[in-house]
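Peer 1: If you want the building blocks of each chain, they are given just below.
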Amino acid sequence: MTARIGVVTFPGSLDDRDALRAVELMGGEAVPLWHADTDLKGVEGVILPGGFSYGDYLRCGAIARFAPVMEEIRGFAARGGPVLGICNGFQILCESGLLPGALIRNRSLRFVCRNVHLRVETTQTPVTADVLPGEVLEMPIKHGEGQFVASEADLDRLEEDARVVFRYSGPDGTVDDAHNPNGALRGIAGIRNEAGNVVGLMPHPEHAVDPDVGPTGGQALFASLLSSVMAEAGR
Amino acid sequence: MRFAVEVLVTLKPGLADPQGKAVEGALPALGWTNVSGVRVGKHVRLEVEAGSESEARTQVEEMSGRLLSNPVIEDSRILEVRGE
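These protein sequence lines map, in sequence, to chains A and B.
Its first residue numbered 1, the first sequence is counted upward by one per residue in the numbering used here.
Its first residue numbered 1, the second sequence is counted upward by one per residue in the numbering used here.
Please keep in mind that the hints were generated in silico from the structure rather than gathered at the bench.
For each residue, glycine too, the CB sits at the ideal point set by N, CA and C.
Below 30 angstroms or equal to it, Euclidean Cα-Cα: the simulated DSBU-like pairs (lysine-lysine) are:
{"hint": "1", "chain 1": "B", "residue 1": "42", "chain 2": "A", "residue 2": "142"}
{"hint": "2", "chain 1": "B", "residue 1": "12", "chain 2": "A", "residue 2": "142"}
{"hint": "3", "chain 1": "A", "residue 1": "142", "chain 2": "B", "residue 2": "21"}
{"hint": "4", "chain 1": "B", "residue 1": "42", "chain 2": "B", "residue 2": "12"}
{"hint": "5", "chain 1": "B", "residue 1": "42", "chain 2": "B", "residue 2": "21"}
Chain B regions said to be covered by chain A (calculated; three or more residues, Cβ under 8 angstroms):
{"hint": "6", "segment": "11–19"}
{"hint": "7", "segment": "66–74"}
Under 10 angstroms between C-beta atoms, here's a sample of chain A residues computed to sit facing chain B:
{"hint": "8", "residue": "59"}
{"hint": "9", "residue": "102"}
{"hint": "10", "residue": "152"}
Same shape as in the complex, but just chain A (with noise of 0.2 angstroms):
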């Protein structure tokens, strides 16, 4: 038995079919929620995908994380079951109080639609438990408003517990400022909650899976997923 990945669908979400595809194409099995629904179907991952999740109306993720499926995340996270939010899924975990900080326009106030690279900050979270610390990934991003920002002290805690998990890099890795595509506060592209099961980055991982249309940084991040389930889970 593999394992039972959870993509939840908003009015309004764009990247939920690749999501699903990508759960399928790294060997998992994908399993669609809805945004009303009130049980999670025995799925063993939750994955929130990008999108304009009801309209991303008053502030992106503000009216998403009052779904009724959200109440079954939050228990869901709260059990330690790993959870990720990817773009418009980040702005939700942080709207939600289930991550720190918030997303707002990016520094050049324009949509930035383009392939970036990722360096891996820390293993200690599902989506990245094997792959290797300082590792490259690369992946798009399109976003508007994906610039991460958090109060110094927010930030200084998130260093020192080491959730900071990517961070916007050149292709060797290094982190400066002409590498941040979208002005986040020291470089930061994803994070985790304090356990570690909740992970949200801005970049888009089901987007490159699949060699014959772009990069495949995604892949290790759903492979780890799938495999710290079937670990959990003693398969």
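Position chain B against the provided structure of chain A, taking the given hints into account.
Peer 2: The following block gives chain B in isolation, referenced to the frame of chain A:
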């Protein structure tokens, strides 16, 4: 009783405000070279059915904290409560 309430939502001081920067960058082209410190916020107007003004105020404060603003990055304050 129905109360009209106005709420102002602003980015916390110190946080980068790309929208404000863009406005500030555009003003000199129109001849205003004497402007600085531009910050862009949000104005929310709503009507609440409540027993008293203070009840309306309390409810809108809770709405502000939970939905109208994100307290991580924004401050909110009630500008006006007007009974109708």
